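Could you put together the complete structure from these sequences and hints?
In this note's numbering, the protein residues as written are 1 to 438.
Listed next, the in silico DSBU-like pairs over lysine-lysine satisfying Cα-Cα at most 30 Å (straight line):
1. 363 <-> 310
2. 145 <-> 176
3. 25 <-> 4
4. 310 <-> 408
5. 4 <-> 104
6. 231 <-> 144
7. 373 <-> 66
8. 279 <-> 231
9. 176 <-> 144
10. 321 <-> 373
11. 373 <-> 408
12. 40 <-> 271
13. 104 <-> 415
14. 418 <-> 4
15. 408 <-> 4
16. 40 <-> 418
17. 25 <-> 418
18. 363 <-> 25
19. 415 <-> 40
20. 408 <-> 66
21. 363 <-> 437
22. 408 <-> 40
23. 363 <-> 408
24. 408 <-> 418
These aren't lab readings, by the way, just hints derived from the structure by calculation. Because the structure is a prediction, the values reported are computed rather than measured.
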Amino acid sequence: MWSKNVSLADGTLSLAGVSASALAKEFGTPSFFIDEDAYKSRALAWHNGLQNQFGEHAGTVFYAAKSFICTAVAQWIADIGIGIDVCTGGELAVALAGGISPSKIEVHGNNKSVSEIDRAVSVGVKSIVIDSLFEVERVAAAAKKHGVRQAVMLRLTPGIEAHTHEKISTAHEDVKFGFSIASGAAWSAVEAVSAHPELELRGVHCHIGSQIFGSEAHEIATDRLMGFMAKYRDFYNHELPELDLGGGFGIAYIQGEVTVEPTDVLPAIHKAVTDACAKYNLAMPQVSLEPGRNIVGPTMFTLYEVGTVKDVVVDGGHVRKYISVDGGMSDNARTALYDAEYTAIIAQRLSTAPTALSRLVGKHCETGDIIIKDIQLPSDIAPGDLIATPATGAYGRSMASNYNHVPKPPVIAVKDGKARVIVRRENEADLLALDVKE
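What follows is the structure in structure tokens.
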């Protein structure tokens, strides 16, 4: 759950040699703290793992920008040499500002605007993942306008019910993403792309969901996508050279969960691709993946300060301790969105007090403003204590809002005993900056 450079000694949490108390004193709370070395190590592990398994047939590790992106992280990605997938014009702008080569950028999204497509084509992105027949026409028009032949992929839905929460499962039939293989929509998309000489169909793509443990779902998806690639080969007498199997590899949030590592799944994925090649008599394609949460999620924690503590008598006469911190659903929306589970600790002191049934809540005017619904925390927890919640790198800051006009927290990168701001804390001036007065 904690990143590799987090230590816990005598009740004190430290990141890369800097204590939680020192971090809170310098940067305030709530704040996100990212283990820079751990982020780079995890990104390299996926890159090296893909290279080791697939060799000359290794495609690109595209970091999923939606999990968390800022200019500094984009610079890390550029330095490491992996790619990035973006799904909005804003994410594309950050990727370019961070120095990522357009040749390393893949563009996603189920409703890319005409202007977003035009920008992507004009800067020369590696590929655009087509998600609807309307996009076929829009990308072709942009390619013709800029005098290029744009590489595209087709996002397919292989009809897999991934074992994850409904709201983050994306490859079954009844979703907004992609073209269904079973219904024939995928083949209609192939025909639409083939009608435009400005488009070069490079291959097929899928993303089966998020927080997936094991490799079985990816293995099934591989077979179904490569069966579709064989159909394409039989009709057009030409093989598609690329296969993108997306991401969704799970991470540990609570005790008992284990973060998926590249070595846990890549051998099985390689075997699935090899077996499908033999089954369908296809040449080995270039295989790409899109880990996002799995790279950044375990490398960041959120640090809060306790403001109030309240004992509430609940059903059966039990007491639940409500611990209110200075953040909440504005910096972690996942609990409210899909009952995500987290753990937490007191970060600046050792407590030997017995634990008590507790609920970690935020400061927002909302009953559902809950960070952790049920957790055992020391019964002597008090205002002023620091609370750290691990594994908040994915979707914490990226889903952050200004609900109740609360400024968004900063992101602080820590490495080798030094901490620096990579996303500054918002202030009241930022909140007022977009208001237009009469």
